[in-house]
Amino acid sequence: MSGERSTARTTLARAGEGLPTGRSVGLAIGALFWAWLVVRWVTIWAGYSEPFFPVAFFEGLATGFENDALVMQQNTGALAPVLDFVAGFWFLFSDVASFVAFAVEYLPTLAEGAWLTVVLTVAGIAFGLVIAVPLSVARVYGGVVTRSLALVYIELIRGTPLLAQLFVIYYGLNMSQYFRGVSSGLLPTTAVWVAIVGFTINSAAYQAEYIRSALESVESGQLTAARAIGLSRIDGIRHVVLPQGLRYAIPGWTNELVYLIKYSSLAAFITVVELFESGRDIAGQTFQYLNIYALLALFYLALVLSATLFMGWVEDRVAIPGLGVRDGRE
Amino acid sequence: MSDQHSGTADGTDTSAATASGTEASDTDTASADAATAGAASQPLLRVEDLQKSYGDETVLRGISFDLDKRDVEVIIGPSGSGKSTMLRCVNRLTEFQGGAIYLDGESVMAMNDNDLRRRVGMVFQDINLFAHLTALQNVTLGLRKVRGMGKEAAREKAMDQLDRVGLASQADSYPAELSGGQKQRVGIARALAMDPELLLFDEPTSALDPELVGEVLEVMRDLAEGGMTMLVVTHEMGFARRAASSLMFLDEGRIVERGPPEQLFDDPEHDRTAEFLQRLTTISEEV
Ligand SMILES: Nc1ncnc2c1ncn2[C@@H]1O[C@H](COP(=O)(O)OP(=O)(O)O)[C@@H](O)[C@H]1O
Ligand SMILES: [Mg+2]
Numbered sequence: 001m002s003g004e005r006s007t008a009r010t011t012l013a014r015a016g017e018g019l020p021t022g023r024s025v026g027l028a029i030g031a032l033f034w035a036w037l038v039v040r041w042v043t044i045w046a047g048y049s050e051p052f053f054p055v056a057f058f059e060g061l062a063t064g065f066e067n068d069a070l071v072m073q074q075n076t077g078a079l080a081p082v083l084d085f086v087a088g089f090w091f092l093f094s095d096v097a098s099f100v101a102f103a104v105e106y107l108p109t110l111a112e113g114a115w116l117t118v119v120l121t122v123a124g125i126a127f128g129l130v131i132a133v134p135l136s137v138a139r140v141y142g143g144v145v146t147r148s149l150a151l152v153y154i155e156l157i158r159g160t161p162l163l164a165q166l167f168v169i170y171y172g173l174n175m176s177q178y179f180r181g182v183s184s185g186l187l188p189t190t191a192v193w194v195a196i197v198g199f200t201i202n203s204a205a206y207q208a209e210y211i212r213s214a215l216e217s218v219e220s221g222q223l224t225a226a227r228a229i230g231l232s233r234i235d236g237i238r239h240v241v242l243p244q245g246l247r248y249a250i251p252g253w254t255n256e257l258v259y260l261i262k263y264s265s266l267a268a269f270i271t272v273v274e275l276f277e278s279g280r281d282i283a284g285q286t287f288q289y290l291n292i293y294a295l296l297a298l299f300y301l302a303l304v305l306s307a308t309l310f311m312g313w314v315e316d317r318v319a320i321p322g323l324g325v326r327d328g329r330e
Numbered sequence: 001m002s003d004q005h006s007g008t009a010d011g012t013d014t015s016a017a018t019a020s021g022t023e024a025s026d027t028d029t030a031s032a033d034a035a036t037a038g039a040a041s042q043p044l045l046r047v048e049d050l051q052k053s054y055g056d057e058t059v060l061r062g063i064s065f066d067l068d069k070r071d072v073e074v075i076i077g078p079s080g081s082g083k084s085t086m087l088r089c090v091n092r093l094t095e096f097q098g099g100a101i102y103l104d105g106e107s108v109m110a111m112n113d114n115d116l117r118r119r120v121g122m123v124f125q126d127i128n129l130f131a132h133l134t135a136l137q138n139v140t141l142g143l144r145k146v147r148g149m150g151k152e153a154a155r156e157k158a159m160d161q162l163d164r165v166g167l168a169s170q171a172d173s174y175p176a177e178l179s180g181g182q183k184q185r186v187g188i189a190r191a192l193a194m195d196p197e198l199l200l201f202d203e204p205t206s207a208l209d210p211e212l213v214g215e216v217l218e219v220m221r222d223l224a225e226g227g228m229t230m231l232v233v234t235h236e237m238g239f240a241r242r243a244a245s246s247l248m249f250l251d252e253g254r255i256v257e258r259g260p261p262e263q264l265f266d267d268p269e270h271d272r273t274a275e276f277l278q279r280l281t282t283i284s285e286e287v
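Protein sequence lines correspond, in order, to chains A and B.
Heads up: the first sequence runs through residues 1 to 330, numbered per UniProt numbering.
Heads up: the second sequence runs through residues 1 to 287, numbered per UniProt numbering.
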């Protein structure tokens with residue numbers, strides 16, 4: 001009855017089982033992260049891009065630790081081995097402090113990039129879903145023609161690289177020209193719009209596949225029963241099959257969201273300065289490759305975990321006793 | 001197997017049948033149903049030489065019978081004999097190739113699918129409740145989306161139907177929270193809510209645990225006594241004896257024998273009927 005939950009949530013739940021407050025600590029960190037991110041976005045749009053925390057303070061801290069460590073290493077007295085050992089930690093603290101200083105300095109730039117990453121992901125998923133639903137319905141319930149068309153679209157998109165698709169619409173079809181005049185401060189370049197189109201087209205195909213298999217796991221007898229009370233086929237699909245199928249599709253949908261967060265970095269290749277590209281820019285200026293990629297990784301991790309938590313919450317919200325995900329589907 | 005009913009163009013066939021069917025219906029009923037007192041009106045359901053095949057496989061080979069209002073017809077027959085198929089032809093969940101079906105004198109071929117299904121309810125062997133909806137919502141869906149009733153009116157009517165099958169207290173339970181027997185009673189309430197003129201039952205108790213069969217049959221008996229016209233595929237012979245006005249034995253897509261239940265039970269014309277009933281009785285006694 002109270003069997004397995006979706007994989008993502010199981011993992012999170014299990015991770016939190018040991019410490020009773022693990023989950024709430026995670027949520028608190030998440031809330032802090034998003035509060036900071038949103039405030040950061042607002043201030044950047046308002047024209048203020050300076051770090052919220054003093055860079056110099058952390059730099060000073062780093063120098064202080066390093067100097068102390070060097071002093072400790074100079075010591076040749078009886079305590080030398082101990083001080084040597086402690087110095088190791090002081091060097092570590094120094095590194096951490098300089099990483100924090102670095103992070104504080106460049107987080108505003110990354111936040112700006114993260115805005116586009118979030119926009120691309122959310123728009124790609126949302127618009128993709130709008131297309132994916134009719135696509136998957138056509139794939140499962142359509143006639144020969146609509147079914148084949150849906151199949152061709154899905155397989156064509158899933159069978160070719162996303163990057164190639166972006167190149168085709170950006171360089172090949174020069175789609176930017178259609179978006180002149182709609183770019184604003186929030187979506188700074190026409191390339192962002194093209195990327196949204198690209199991710200929508202791409203994500204629609206993947207989501208359609210997830211939804212297709214979810215629709216197929218709704219027993220066909222229910223559609224027959226819907227028709228038997230006088231609902232048309234399409235109304236039966238709408239009121240009976242889809243509400244169940246979409247619930248079944250949530251775990252797959254979570255996967256797609258996580259993929260898209262990371263794949264949105266491909267937009268960099270069509271000049272969109274999203275999270276990854278803004279990180280690369282910083283690396284190009286500072287040559288601090290390790291620091292910047294560690295920071296990027298943390299940033300992506302925060303986004304991915306947020307998405308997973310959010311989808312878990314959605315899944316809980318729409319859960320229906322005995323339906324699908326919880327009982328015997330995994 | 002080999003007698004294919006090809007050749008006849010469907011369109012002309014149906015229209016011809018419609019014309020002759022309405023013309024002849026009065027005299028037909030009078031002669032065929034002399035026993036039924038005052039049968040001046042046409043039958044509620046008339047099935048005429050119904051033929052149906054799936055690809056090369058002929059499933060129904062010319063089925064004809066009438067069903068008057070308030071009649072309860074029980075259909076028995078071996079697995080694969082075409083019982084489900086016949087029911088599904090009546091509400092056109094499946095198309096048929098030959099013959100005609102009239103509901104209250106009107107050919108079902110000429111009717112809008114969804115109108116027809118509003119008038120002919122169906123209860124399924126595998127129940128097929130909408131799994132994401134509560135018992136109440138299972139019943140209101142048709143009222144809201146097919147009959148366009150308002151939320152409150154639909155709720156009220158649905159509660160009446162649930163009450164009728166003794167499940168008003170479970171209105172807010174989801175299918176997964178109900179027993180098989182309760183589910184099937186919701187299935188019946190769902191069909192009843194549309195105010196059908198005819199109810200089709202396709203082995204409504206065969207998927208249930210034996211101890212849950214009784215509550216469903218009881219609801220069905222109540223319906224029969226209340227005057228509902230029913231076409232029931234079932235092998236519950238107790239129900240047939242007590243509630244059926246007529247019993248039909250179907251085999252290989254043909255009606256082997258049809259008559260009052262006592263006659264088929266006690267004095268069947270055909271050996272096959274006797275044999276089949278014999279087997280049914282021994283099986284149900286074993287259970
Ligand atoms: N959708 C279908 N497609 C092809 N053949 C079918 C289909 N439904 C039923 N049949 C065939 O029609 C015959 C009669 O089936 P059915 O009406 O379900 O029999 P019963 O209900 O008496 O067991 C069977 O041989 C079955 O294989
Ligand atoms: Mg059957």
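Take these hints with a grain of salt, some might be off.
[What the hints assert, rightly or not] Partial list, computed: chain B residues near chain A (C-beta under 8 Å):
hint, residue
1, D126
2, Q137
3, L141
4, G142
5, G148
6, P175
7, F265
8, R279
Keep in mind that the hints were calculated from the coordinates and are not lab data.
All residues carry an ideal CB built from backbone N, CA and C; glycine is no exception.
Comparing the hints with the structure gives:
{"no.": "1", "hint": "D126", "in the structure": "holds, 5 Å"}
{"no.": "2", "hint": "Q137", "in the structure": "violated, 10 Å"}
{"no.": "3", "hint": "L141", "in the structure": "holds, 6 Å"}
{"no.": "4", "hint": "G142", "in the structure": "holds, 4 Å"}
{"no.": "5", "hint": "G148", "in the structure": "violated, 11 Å"}
{"no.": "6", "hint": "P175", "in the structure": "holds, 7 Å"}
{"no.": "7", "hint": "F265", "in the structure": "violated, 31 Å"}
{"no.": "8", "hint": "R279", "in the structure": "violated, 28 Å"}
Figure legend: structure checked against the earlier numbered hints; hints not met, in rising order: 2, 5, 7 and 8.
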